[in-house]
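Here is how the chains run, residue by residue.
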Amino acid sequence: MSSNAILLVEDEPDDIELTRLALEKSRIANNIFVAQDGVEALEMLHGSDPEMPLPALVLLDLKLPRLDGIEVLRRIRAHERTRFLPVVVLTSSREERDLIETYKLGVNSYVVKPVDFDQFVEAARHIGMYWLLLNNRAPTGGGTA
Amino acid sequence: MQPQSLPAPLPNGIRSSPAQPRSASLPVLVLESAIAAVSILLVVAGLAVASLFRPPVQFVGIAAVLLAVGSLAARVAALGRRLRSASARLQALSRSPILGIATWRGDGALIEANDAFFSMIGESRERAGLINSSNIALHTPTGAEPNLSTTREGFVERAIVTPDGGTRYLAWGTRESGPHEVLTFAVDVTDRVTSEMRLRKAREVLEQRVRELEQRGAAAGDANDARTEQSVVSLAERLATANAELEAFSYSVAHDLRAPLRTIDGFSRELLATFGGQLGEQGDQYLNRIRAGTQRMGNLIDALLELSRVSRVEVRRQHTDVSAAARAVVEERQLRLAPHAEVRIADNLTANADPRLLHVILENLLGNALKFSAKRQNPLIELFSIADGATPTFCVRDNGAGFDMRYAEKLFTPFHRMHSPAQFQGTGIGLALVHRAITRHGGTIRAESEPGRGTSILFTLEPAGPSQPAETRT
Numbered sequence: 001m002s003s004n005a006i007l008l009v010e011d012e013p014d015d016i017e018l019t020r021l022a023l024e025k026s027r028i029a030n031n032i033f034v035a036q037d038g039v040e041a042l043e044m045l046h047g048s049d050p051e052m053p054l055p056a057l058v059l060l061d062l063k064l065p066r067l068d069g070i071e072v073l074r075r076i077r078a079h080e081r082t083r084f085l086p087v088v089v090l091t092s093s094r095e096e097r098d099l100i101e102t103y104k105l106g107v108n109s110y111v112v113k114p115v116d117f118d119q120f121v122e123a124a125r126h127i128g129m130y131w132l133l134l135n136n137r138a139p140t141g142g143g144t145a
Numbered sequence: 146m147q148p149q150s151l152p153a154p155l156p157n158g159i160r161s162s163p164a165q166p167r168s169a170s171l172p173v174l175v176l177e178s179a180i181a182a183v184s185i186l187l188v189v190a191g192l193a194v195a196s197l198f199r200p201p202v203q204f205v206g207i208a209a210v211l212l213a214v215g216s217l218a219a220r221v222a223a224l225g226r227r228l229r230s231a232s233a234r235l236q237a238l239s240r241s242p243i244l245g246i247a248t249w250r251g252d253g254a255l256i257e258a259n260d261a262f263f264s265m266i267g268e269s270r271e272r273a274g275l276i277n278s279s280n281i282a283l284h285t286p287t288g289a290e291p292n293l294s295t296t297r298e299g300f301v302e303r304a305i306v307t308p309d310g311g312t313r314y315l316a317w318g319t320r321e322s323g324p325h326e327v328l329t330f331a332v333d334v335t336d337r338v339t340s341e342m343r344l345r346k347a348r349e350v351l352e353q354r355v356r357e358l359e360q361r362g363a364a365a366g367d368a369n370d371a372r373t374e375q376s377v378v379s380l381a382e383r384l385a386t387a388n389a390e391l392e393a394f395s396y397s398v399a400h401d402l403r404a405p406l407r408t409i410d411g412f413s414r415e416l417l418a419t420f421g422g423q424l425g426e427q428g429d430q431y432l433n434r435i436r437a438g439t440q441r442m443g444n445l446i447d448a449l450l451e452l453s454r455v456s457r458v459e460v461r462r463q464h465t466d467v468s469a470a471a472r473a474v475v476e477e478r479q480l481r482l483a484p485h486a487e488v489r490i491a492d493n494l495t496a497n498a499d500p501r502l503l504h505v506i507l508e509n510l511l512g513n514a515l516k517f518s519a520k521r522q523n524p525l526i527e528l529f530s531i532a533d534g535a536t537p538t539f540c541v542r543d544n545g546a547g548f549d550m551r552y553a554e555k556l557f558t559p560f561h562r563m564h565s566p567a568q569f570q571g572t573g574i575g576l577a578l579v580h581r582a583i584t585r586h587g588g589t590i591r592a593e594s595e596p597g598r599g600t601s602i603l604f605t606l607e608p609a610g611p612s613q614p615a616e617t618r619t
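Those protein sequence lines, which keep their order, are chains S and Z. All residue numbers for the first sequence refer to our numbering, where the first residue is 1 and numbers rise by one. All residue numbers for the second sequence refer to our numbering, where the first residue is 146 and numbers rise by one.
Source of the hints: derived by calculation from the structure; they are not laboratory data. Incorrect hints may have been included.
What the hints assert, rightly or not - In silico negatives: residues of chain S with every beta carbon more than 12 Å from chain Z:
hint, residue
1, Thr19
2, Glu40
3, Gly47
4, Glu80
5, Arg94
6, Arg97
7, Gly106
8, Phe120
9, Tyr130
10, Asn135
Unchecked claim - Partner residues aside, some chain S positions facing chain Z, computed with beta carbon under 8 Å:
hint, residue
11, Asp15
12, Phe84
13, Asp116
Being a predicted model, the structure only gives us computed values, none of them experimental. Positions of the beta carbon are idealized from the N, C-alpha and C atoms, including for glycine.
Start from the sequences, fold in the hints, and give me the full structure.
What follows is the structure in structure tokens.
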């Protein structure tokens with residue numbers, strides 16, 4: 001994973017493909033890594049190699065096999081290395097309890113995937129633009145200070 | 146039980162006994178005989194006097210005597226007839242089996258009585274000399290209290306105990322009939338009084354039963370309450386379970402049903418973008434229809450989820466600025482729906498309502514008003530309130546397409562539409578959402594509409610009736 005990569009945590013192949021398409025169309029994301037469930041995502045982020053660079057952004061689906069998105073987020077925030085890692089929830093629906101729960105856990109943004117693909121492309125473009133280009137990241141691990 | 150004697154005989158007066166039925170005919174006969182004897186004497190005397198005179202005078206005298214005697218005899222005969230008929234009436238009366246007649250001396254001893262009286266008091270004529278009014282115990286029996294008050298003028302109802310120990314009820318009338326003599330009339334009212342007593346008893350029993358039943362009913366009611374409470378608890382539990390299931394269901398619907406729609410739309414879009422030219426114009430059109438369909442499906446799912454959400458959320462009332470909320474909705478939607486419409490929102494409209502549900506209500510009602518009047522030249526949309534008692538009625542009125550009230554029965558049921566998609570787009574959920582949001586508040590909603598003239602939707606946000614206490618403000 002390179003430092004301007006995006007980690008997409010998504011189990012649905014169609015959604016993986018569509019998200020990839022949308023991000024490609026926005027011409028921002030160069031590297032898209034995919035984790036197909038929560039366990040895989042955490043392994044990639046908190047893996048044995050401490051030198052491996054973290055992605056610039058995690059796009060996190062909430063309905064995931066094994067470990068769901070909320071639990072993944074909780075562990076990302078609990079881990080020293082990833083506590084400031086930008087995480088955007090990219091999910092199918094706006095459920096109030098999901099919104100509250102993820103914001104409580106410190107999610108950076110919550111985006112509902114529109115059914116209309118054009119809108120989805122537009123959303124992906126905004127997300128990529130903001131988090132990869134505009135936003136200034138915290139130093140990895142947020143520093144030890 | 147206090148024995149009472151008959152009314153004491155009156156002290157003074159001429160001794161006379163107009164009601165002595167058994168001897169009533171005797172004086173009449175005596176009188177008649179006496180009158181007959183006097184008449185004969187007078188005739189003889191008249192003739193003797195007449196014989197002292199000479200013949201012409203003598204004849205006149207005789208004739209006068211005879212005339213006088215004749216008229217006297219006629220009058221005596223008439224008197225006798227009247228006396229006989231009065232005596233007959235008295236005799237008939239005394240033979241009456243219903244009316245007991247008795248005369249009493251001042252000391253209470255019975256002078257005379259008819260058969261009816263003896264039978265009433267359970268005595269025989271042979272014992273008449275032993276009967277004294279003070280011996281006939283007149284009392285009110287214990288237990289039942291019959292109507293022994295004065296029934297008619299001069300008549301008093303009394304209970305007596307007969308020699309065989311039975312109780313009879315007599316209505317007594319008392320008249321002074323001479324010095325130290327009292328005449329009484331009595332009617333046996335035992336049947337009436339006892340049936341009254343039975344009736345009274347029956348009524349008391351009935352009242353007692355009713356009281357018992359009421360007590361039992363109340364006890365049963367308590368038991369019912371307990372059962373109800375129990376069933377309310379279990380109902381609440383079941384409701385909570387059902388709600389949790391519903392929530393899980395809609396969560397799943399929200400995520401799982403939308404995902405394939407995105408797939409369909411996304412790849413249709415990609416097909417268009419990448420191979421559009423090769424499909425031909427019709428091919429492109431078909432793909433666009435597929436995309437429109439997925440969009441509609443997406444909207445329906447959203448609307449259904451919203452409906453489910455509105456049904457489930459807790460209603461949290463607070464003082465809400467309806468005017469401001471309405472203006473926010475109009476600002477958000479007017480440009481897209483009917484930019485040329487004139488919108489009049491009354492100032493200072495407030496309600497004690499859940500702001501999120503109020504937003505659903507206004508969003509849909511004002512959205513509808515804008516949508517259905519957009520095709521008019523001068524659309525006018527209004528929101529105002531009708532101060533009607535404690536709870537205000539709000540009205541959203543437009544001059545738009547309107548609809549036929551004959552088909553309005555299902556206006557507030559989900560998926561029921563009054564217009565075809567070609568006329569107006571919509572999911573058919575909007576008014577169902579509004580209806581549910583309003584009923585969650587305990588309010589009511591109704592529509593008044595006419596095709597081509599516009600629609601008014603009238604609603605309240607509080608239960609009708611006197612001041613509904615506000616729920617906890619949060």
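How the hints compare with the structure:
1. Thr19: Answer for Thr19 (chain S): violated, closest chain Z Cβ roughly 9 Å.
2. Glu40: 19 Å, holds
3. Gly47: 28 Å, holds
4. Glu80: Holds, since 32 Å exceeds 12 Å.
5. Arg94: Given that some Cβ of chain Z is not farther than 12 Å from that of Arg94 (chain S), nearest at about 8 Å, it is violated.
6. Arg97: Check fails; 9 Å does not lie beyond 12 Å.
7. Gly106: 22 Å, holds
8. Phe120: 7 Å, violated
9. Tyr130: It holds; Tyr130 (chain S) is separated from chain Z by about 22 Å at its closest Cβ, greater than 12 Å.
10. Asn135: Fine: 26 Å to the nearest Cβ keeps Asn135 (chain S) off the interface.
11. Asp15: This hint holds: Asp15 (chain S) lies near chain Z, its Cβ roughly 6 Å from the closest one there, short of 8 Å.
12. Phe84: Nearest chain Z Cβ about 28 Å off; hint violated.
13. Asp116: Holds - the Cβ of Asp116 (chain S) comes within 8 Å of chain Z, reaching about 6 Å at its closest.
Checked against the numbered hints given earlier, this structure breaks hints 1, 5, 6, 8, 12; the rest are met.
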